[in-house]
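Residue numbers (the numbering used here), protein chains in the order written: chain A, 152 to 373; chain B, 152 to 373.
Don't read these hints as lab results, they were simulated from the structure. Accuracy of the hints is not assured; some may be wrong.
[Unchecked claim] Straight-line distance between alpha carbons at most 30 Å, and here's what the computed DSSO-like set of lysine-lysine pairs gives:
1) A:Lys-224 / B:Lys-224
2) A:Lys-224 / B:Lys-358
3) A:Lys-224 / B:Lys-235
4) A:Lys-358 / B:Lys-181
5) A:Lys-181 / B:Lys-181
6) B:Lys-224 / A:Lys-358
7) A:Lys-235 / B:Lys-224
8) A:Lys-224 / A:Lys-316
9) A:Lys-181 / B:Lys-358
There are 2 protein chains.
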Amino acid sequence: MIRLILSDVDGTITHRDRRIDVAAIEAIRKAIGRGILVSLVSGNVIPVMYGLEVFIGLNAPAFAENGGCYIMKEHVEAFFSKEKPEEFLRHIERITSAYGIFSNAWRLTSMGFGMREDDEERVREEAKKFGVTVTNSGYSWHILNPGQDKAFAFRKLMEMYSLEKDEILVIGDSENDMPMFREAVHSACVGTNEVLMSMAETVTSGKNSSGFVEALGKYGIV
Amino acid sequence: MIRLILSDVDGTITHRDRRIDVAAIEAIRKAIGRGILVSLVSGNVIPVMYGLEVFIGLNAPAFAENGGCYIMKEHVEAFFSKEKPEEFLRHIERITSAYGIFSNAWRLTSMGFGMREDDEERVREEAKKFGVTVTNSGYSWHILNPGQDKAFAFRKLMEMYSLEKDEILVIGDSENDMPMFREAVHSACVGTNEVLMSMAETVTSGKNSSGFVEALGKYGIV
Ligand SMILES: [Ca+2]
Ligand SMILES: [Ca+2]
Ligand SMILES: [Ca+2]
Ligand SMILES: [Ca+2]
Ligand SMILES: [Ca+2]
Numbered sequence: 152m153i154r155l156i157l158s159d160v161d162g163t164i165t166h167r168d169r170r171i172d173v174a175a176i177e178a179i180r181k182a183i184g185r186g187i188l189v190s191l192v193s194g195n196v197i198p199v200m201y202g203l204e205v206f207i208g209l210n211a212p213a214f215a216e217n218g219g220c221y222i223m224k225e226h227v228e229a230f231f232s233k234e235k236p237e238e239f240l241r242h243i244e245r246i247t248s249a250y251g252i253f254s255n256a257w258r259l260t261s262m263g264f265g266m267r268e269d270d271e272e273r274v275r276e277e278a279k280k281f282g283v284t285v286t287n288s289g290y291s292w293h294i295l296n297p298g299q300d301k302a303f304a305f306r307k308l309m310e311m312y313s314l315e316k317d318e319i320l321v322i323g324d325s326e327n328d329m330p331m332f333r334e335a336v337h338s339a340c341v342g343t344n345e346v347l348m349s350m351a352e353t354v355t356s357g358k359n360s361s362g363f364v365e366a367l368g369k370y371g372i373v
Numbered sequence: 152m153i154r155l156i157l158s159d160v161d162g163t164i165t166h167r168d169r170r171i172d173v174a175a176i177e178a179i180r181k182a183i184g185r186g187i188l189v190s191l192v193s194g195n196v197i198p199v200m201y202g203l204e205v206f207i208g209l210n211a212p213a214f215a216e217n218g219g220c221y222i223m224k225e226h227v228e229a230f231f232s233k234e235k236p237e238e239f240l241r242h243i244e245r246i247t248s249a250y251g252i253f254s255n256a257w258r259l260t261s262m263g264f265g266m267r268e269d270d271e272e273r274v275r276e277e278a279k280k281f282g283v284t285v286t287n288s289g290y291s292w293h294i295l296n297p298g299q300d301k302a303f304a305f306r307k308l309m310e311m312y313s314l315e316k317d318e319i320l321v322i323g324d325s326e327n328d329m330p331m332f333r334e335a336v337h338s339a340c341v342g343t344n345e346v347l348m349s350m351a352e353t354v355t356s357g358k359n360s361s362g363f364v365e366a367l368g369k370y371g372i373v
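Produce the complete structure using the sequences and hints provided.
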């Protein structure tokens with residue numbers, strides 16, 4: 152029985168263009184109304200997650216920076232530091248097309264960046280040497296500390312709410328959701344990333360937010 | 152003819168408890184779909200307004216800190232400084248029950264605070280002496296620079312989009328909306344603040360976000 156939903160944000164409760172789907176908001180509120188915990192986990196920053204927490208009316212932490220920190224009722228908890236990610240960003244800015252993104256001003260535990268596609272392999276190699284992780288949310292690239300990922304958020308929620316893995320439904324669309332899909336018993340892929348689709352328990356026919364709403368239907372939540 | 156809607160956020164496109172109303176989001180999207188510019192102006196901070204801009208899909212700037220700054224497509228413009236508001240906050244923290252609020256960490260041009268009700272008169276007197284303004288959003292108190300208010304946002308939008316005052320519809324619920332209601336030809340009050348109600352062209356029968364949707368109907372926008 153699902154007691155907690157852990158969902159990605161961009162491309163999962165939003166349309167592809169990042170506009171939030173009102174049907175996803177309503178589905179989340181119905182789930183909360185039935186006593187299910189709803190937590191979000193995104194590559195986005197704490198103040199944006201704070202906005203989502205307040206405007207949606209969440210009842211569980213909203214994790215930012217791919218699980219590196221969370222906010223709940225104006226309380227922020229950070230589990231990692233941005234020092235190493237910042238160093239690595241400066242390094243790849245020097246040697247590749249990589250550039251930091253504007254929301255980095257609000258980051259506590261990671262860095263975000265963009266780059267030309269042909270630099271991907273080189274940046275991944277450099278990350279390995281440097282001892283950081285790079286992952287793609289489908290909207291931007293992220294530099295994370297070792298152990299910092301959405302699986303960390305999954306395990307943190309298990310601990311906070313004394314949950315078993317099979318009591319959590321994980322929903323996402325992109326590469327950066329793979330760590331939590333690896334931990335999950337129940338997972339729904341709403342995107343088209345082939346690796347994530349192969350890891351998922353359910354691949355929705357609708358994509359993005361319509362897939363999110365479909366998944367909540369399939370798991371008997373709404 | 153209304154070419155731009157300038158709306159408050161908390162208590163206006165949200166329910167009283169600050170959860171965003173999906174009907175207000177849909178009404179905004181319909182207005183945008185008809186070519187109307189939709190701008191938000193709130194006491195809240197830039198990254199929260201950035202979240203709203205992206206998740207709603209706004210087509211005009213989202214003003215933060217009661218008009219002191221705005222964000223539009225990842226570009227932030229600040230028109231005031233937080234130096235004087237910070238000084239004043241430290242002053243009233245020393246001599247009254249006032250305390251800074253957690254979102255101050257993300258403020259650029261103002262400070263937010265809470266206090267016991269019986270300190271209101273004293274804080275207003277001190278503000279006058281100090282040369283800052285204090286105003287209430289219905290959710291928290293705000294310390295603003297001289298000239299910093301939602302009327303500033305109204306005039307900035309007139310300039311940016313070459314609008315006449317009668318082409319703008321202003322919507323709000325609280326004391327901090329009074330400056331833009333003073334500038335406006337067309338205004339709808341969706342709250343119960345008696346002064347704002349007396350200033351408004353329209354007082355909606357529905358309150359908060361249901362009043363917002365009602366106002367857009369009354370003005371022939373949706
Ligand atoms: Ca995503
Ligand atoms: Ca470079
Ligand atoms: Ca308000
Ligand atoms: Ca004090
Ligand atoms: Ca007027």
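Against the structure shown, which of the earlier numbered hints fail to hold, in ascending order?
Checked against the structure, no hint fails, so every one of them is satisfied.
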